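Going line by line, the protein sequences match chains A and B. Mapping the first sequence onto the working numbering, position 2 (from 1) lands on 2, and the numbers just tick up by one. Mapping the second sequence onto the working numbering, position 203 (from 1) lands on 540, and the numbers just tick up by one.
Each hint should be verified, as a subset may be incorrect.
Unchecked claim - In silico SDA-like cross-links for lysine to any residue, where the CA-CA straight-line distance does not exceed 20 Å: (1) B/Lys-583 to A/Asn-16; (2) A/Lys-77 to B/Glu-719; (3) B/Lys-612 to B/Lys-635.
Read the hints as simulated data drawn from the structure, not as lab findings. Note that the structure is predicted; figures quoted are calculated from it, not measured.
Chain by chain, the residues run as shown.
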Amino acid sequence: WVPVVGLEIHAQISSNSKLFSGSQVQFAAPPNSLVSFFDASLPGTLPVLNRRCVEAAVMTGLALSCSINKKSLFDRKHYFYADLPAGYQITQQRVPIAVNGSLSYSLCTDNKMSQMVTKTVRIKQIQLEQDSGKSLHDDTRSQTLVDLNRAGVGLMEVVMEPDMCCGEEAATAVRGLQLILQTLGSSQAVMAEGQLRVDANVSVHHPGDPYGVRTEVKNINSIRFLAKAIDYEIQRQIEELKNGGTILNETRAFDSKLGCTVPMRDKEGKQDYRFMPEPNLPPLILYDAKSLPANTNHQQVVNIDWIRERLPDLPSVKRAKLVEQYGILPEHSFTLL
Amino acid sequence: QVSAALKEGQVTPTELCQRCLSLIKSTKFLNAYVTVAEEAALKQAEESEKRYRRGQPLGALDGIPVAVKDNFNTAGIETTCASNMLKGFISPYNATVVQKLLDQGAVLLGKTNLDEFAMGSGSTDGVFGPVRNPWSYSRQYKEKSIPKSRSEDKESHWVITGGSSGGSAAAVSSFTCFAALGSDTGGSTRNPAAHCGVVGLKPTYGLISRHGLIPLVNSMDVPGILTRCVDDAAVVLGSLAGHDPKDSTTVQDNFKPFELPSVTDVSKLSIGIPKEYHAPGLSSEILSVWAKAADLFKNAGAKVIEVSLPHTRYSIVCYHVLCSAEVASNMARFDGLQYGHRSDVNESTESMYAATRREGFNDVVRGRILSGNYFLLKQNYENYFIKAQKVRRLIANDFVKVFRSGVDILLTPTTLSDAVPYVEFIKEDNRTRSTEDDILTQAANMAGLPAINVPTALSERGLPVGLQFIGRSFQEKQLLTVAKWFEKQVKFPMIQLEEVRKHDHGVFQHQKSASL
Numbered sequence: 001w002v003p004v005v006g007l008e009i010h011a012q013i014s015s016n017s018k019l020f021s022g023s024q025v026q027f028a029a030p031p032n033s034l035v036s037f038f039d040a041s042l043p044g045t046l047p048v049l050n051r052r053c054v055e056a057a058v059m060t061g062l063a064l065s066c067s068i069n070k071k072s073l074f075d076r077k078h079y080f081y082a083d084l085p086a087g088y089q090i091t092q093q094r095v096p097i098a099v100n101g102s103l104s105y106s107l108c109t110d111n112k113m114s115q116m117v118t119k120t121v122r123i124k125q126i127q128l129e130q131d132s133g134k135s136l137h138d139d140t141r142s143q144t145l146v147d148l149n150r151a152g153v154g155l156m157e158v159v160m161e162p163d164m165c166c167g168e169e170a171a172t173a174v175r176g177l178q179l180i181l182q183t184l185g186s187s188q189a190v191m192a193e194g195q196l197r198v199d200a201n202v203s204v205h206h207p208g209d210p211y212g213v214r215t216e217v218k219n220i221n222s223i224r225f226l227a228k229a230i231d232y233e234i235q236r237q238i239e240e241l242k243n244g245g246t247i248l249n250e251t252r253a254f255d256s257k258l259g260c261t262v263p264m265r266d267k268e269g270k271q272d273y274r275f276m277p278e279p280n281l282p283p284l285i286l287y288d289a290k291s292l293p294a295n296t297n298h299q300q301v302v303n304i305d306w307i308r309e310r311l312p313d314l315p316s317v318k319r320a321k322l323v324e325q326y327g328i329l330p331e332h333s334f335t336l337l
Numbered sequence: 338q339v340s341a342a343l344k345e346g347q348v349t350p351t352e353l354c355q356r357c358l359s360l361i362k363s364t365k366f367l368n369a370y371v372t373v374a375e376e377a378a379l380k381q382a383e384e385s386e387k388r389y390r391r392g393q394p395l396g397a398l399d400g401i402p403v404a405v406k407d408n409f410n411t412a413g414i415e416t417t418c419a420s421n422m423l424k425g426f427i428s429p430y431n432a433t434v435v436q437k438l439l440d441q442g443a444v445l446l447g448k449t450n451l452d453e454f455a456m457g458s459g460s461t462d463g464v465f466g467p468v469r470n471p472w473s474y475s476r477q478y479k480e481k482s483i484p485k486s487r488s489e490d491k492e493s494h495w496v497i498t499g500g501s502s503g504g505s506a507a508a509v510s511s512f513t514c515f516a517a518l519g520s521d522t523g524g525s526t527r528n529p530a531a532h533c534g535v536v537g538l539k540p541t542y543g544l545i546s547r548h549g550l551i552p553l554v555n556s557m558d559v560p561g562i563l564t565r566c567v568d569d570a571a572v573v574l575g576s577l578a579g580h581d582p583k584d585s586t587t588v589q590d591n592f593k594p595f596e597l598p599s600v601t602d603v604s605k606l607s608i609g610i611p612k613e614y615h616a617p618g619l620s621s622e623i624l625s626v627w628a629k630a631a632d633l634f635k636n637a638g639a640k641v642i643e644v645s646l647p648h649t650r651y652s653i654v655c656y657h658v659l660c661s662a663e664v665a666s667n668m669a670r671f672d673g674l675q676y677g678h679r680s681d682v683n684e685s686t687e688s689m690y691a692a693t694r695r696e697g698f699n700d701v702v703r704g705r706i707l708s709g710n711y712f713l714l715k716q717n718y719e720n721y722f723i724k725a726q727k728v729r730r731l732i733a734n735d736f737v738k739v740f741r742s743g744v745d746i747l748l749t750p751t752t753l754s755d756a757v758p759y760v761e762f763i764k765e766d767n768r769t770r771s772t773e774d775d776i777l778t779q780a781a782n783m784a785g786l787p788a789i790n791v792p793t794a795l796s797e798r799g800l801p802v803g804l805q806f807i808g809r810s811f812q813e814k815q816l817l818t819v820a821k822w823f824e825k826q827v828k829f830p831m832i833q834l835e836e837v838r839k840h841d842h843g844v845f846q847h848q849k850s851a852s853l
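When you get a sec, could you build the whole thing from the sequences and use the hints?
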């Protein structure tokens, strides 16, 4: 059996204000205290793009060796839910800001960390989108409590192609991404604070056969649980197929108490999101040193080359420097960084 | 002129304000206003008066009573969009254009009536009832109308204002304010302007901020300006236009307010007459007014040529697809959760949403939401939405080609006929009416071009007929210059309304000459 694992990672952008409005971004503030008119979807309000969020996405794209699209577009993704005040999310479905990158990570082949193997996962794309608010279901009083502090916070959705084969690979790749994001400062990427959320796409097939039906696993709250959830799901699928059953293309939630995945009662997967271009935002145009028109106000444009020049050393570079400068073993550089 | 009168102290802002407020009361039967903000207006008038006494008015608009269509957010004053969904909604912020008017010292009298959420061409489909065209009560109309029997009085013969900015048009036409804001998505400012005999300007898309204008079609909406003469429209435009950082679709270029020349030589102009605007259903009366106007330009030495905008006939269908798709999207936010009407049904979030939306929206809105969602479905998107976008590009290109060929301004009718009686109008449903009535105005919205209705003549029934000028993008100065010249030539008669005469006063004479 060949397991196939892909990941959709949502990283909250580390910025002072939200993606399209000026309200503050802050964890654990009193409910509904960081909500602008736009975040509450008051009629007549319009989105205004936050420059810092664009820079964060460009930085991340460059760090992941992506091509940065000089022109990207914004779209509306429609669905009704209490934590989505406008009835749609602004995202980048047609043309995202960055595409075709890769992330390398190292696995130990044995427990003593004496042999390291480098693996690569392709990054399909990075897109900018809005986070939703939070809803808490209070079943005892049959009510839902909605907190919109998080509504509209900027997210980078990083899509990793199904190049991984098990929980450990996925966990390592995510840790690698986390470290990069934290080094760049584009996201604090702390899963416990909801700044990094990971959904896994899992399927299995026999070697030589086409890919099997995949399931999406959500509700994973830590990297440790990510590995557990994926491994459980792989096993579940293998058992199911061995017993002559079939895999449904469904969304499953990871139950950390039971250590297993369960089907989600939410039918989110089968919805038609009725994507439509966001008419209030012109195409996002980015420049580089070559294409930058003369006499432009530095404050008004985002220059990819300018950002590239100011990228800090990425973890992989730092590790290589440690190995070279101090002659330590590569596996020890991973312990340090 | 009233601006000058204010400056010279011939009349005070509070007097002006009070007169307008009392005129609003005596013309209540027009149903032009949804909310009258009497106290706030008088306070603003007092502030303005203080400034005039100090000799420091803020500008031409200081102390001038204005009205705003009820789909613009006004802080502290109810904003309803003539819908149950927003009844009682008091916005916490002012739309940018409202704020600009207030910053110039204008006195906001109140919010005007419209079709619900600006969907309609009659101003008949709002929850506060239809708006009546002031010309229904004019001597000119009454003289020409033949009552069918003695029992039939003016009550059943009144004519519509057109829409959807009917309240604003009626307010300006009946002298209750000097200027009003409307919105224009498919003709909603120009159509009622034509039927009510006032100037209705649709500016270039991207010139004036939409922040705070509750959207119908984000890619076509513009705030519209309604006034009694072209010069006034230029003054209001000057105070509203320009980049707004809160609206990413406004252009960054600096806007320079302009004054219109009083004398213009039109012999250097090339006026285009698009043959496709000789639309089916165009009344022979309007056709003849249009032809006379063309002759007017010819005789003044201008070059008047027939041009073609071949994709005009696709514009209505294209508009309906794009409009309903955007409506479906824009209305998704109305769920009763954060603001507006919320249903008592609360077994589940979904049932609350469904009940709220069923109770809050009228059939017209719901119809457009349903069709819009249909067009946006994955399996239909390519065939409807994308196709319509492509056709939209073709329509816009028609104009580009014509303007590139040397034509400066296009001259077309604004409406197919003069205003029809309400009892006739409601015989057809909203969708049919919109389809018919929008045909002459809506291509300008597709292409984002500026266009203006200028009242031209009275029909045989004694009702206003207007003509439309369409100009190049961001060339409002040229457009308004030509419009002003035309206005001067045709000398459109003033409405003779008994209610206005009763409020006669030396200064109101100034008012009647129409201008600021």
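Subject >> Given pair status - A/Asn-16, B/Lys-583, alpha carbons within 20 Å >> reply: Holds, because 18 Å separates the two Cα atoms, which is no more than 20 Å.
**OP:** Verify the proposed pairing of B/Lys-612 with B/Lys-635, using a straight-line Cα cut of 20 Å.
**Re:** Status holds; Cα separation ~17 Å.
Original post:
Has the given pair, A/Lys-77 with B/Glu-719, been kept, meaning a C-alpha gap of at most 20 Å?
Top reply: Roughly 16 Å between the alpha carbons, so the hint for A/Lys-77 and B/Glu-719 holds.
Consistency with the previously given hints is maintained throughout, with no hint failing.
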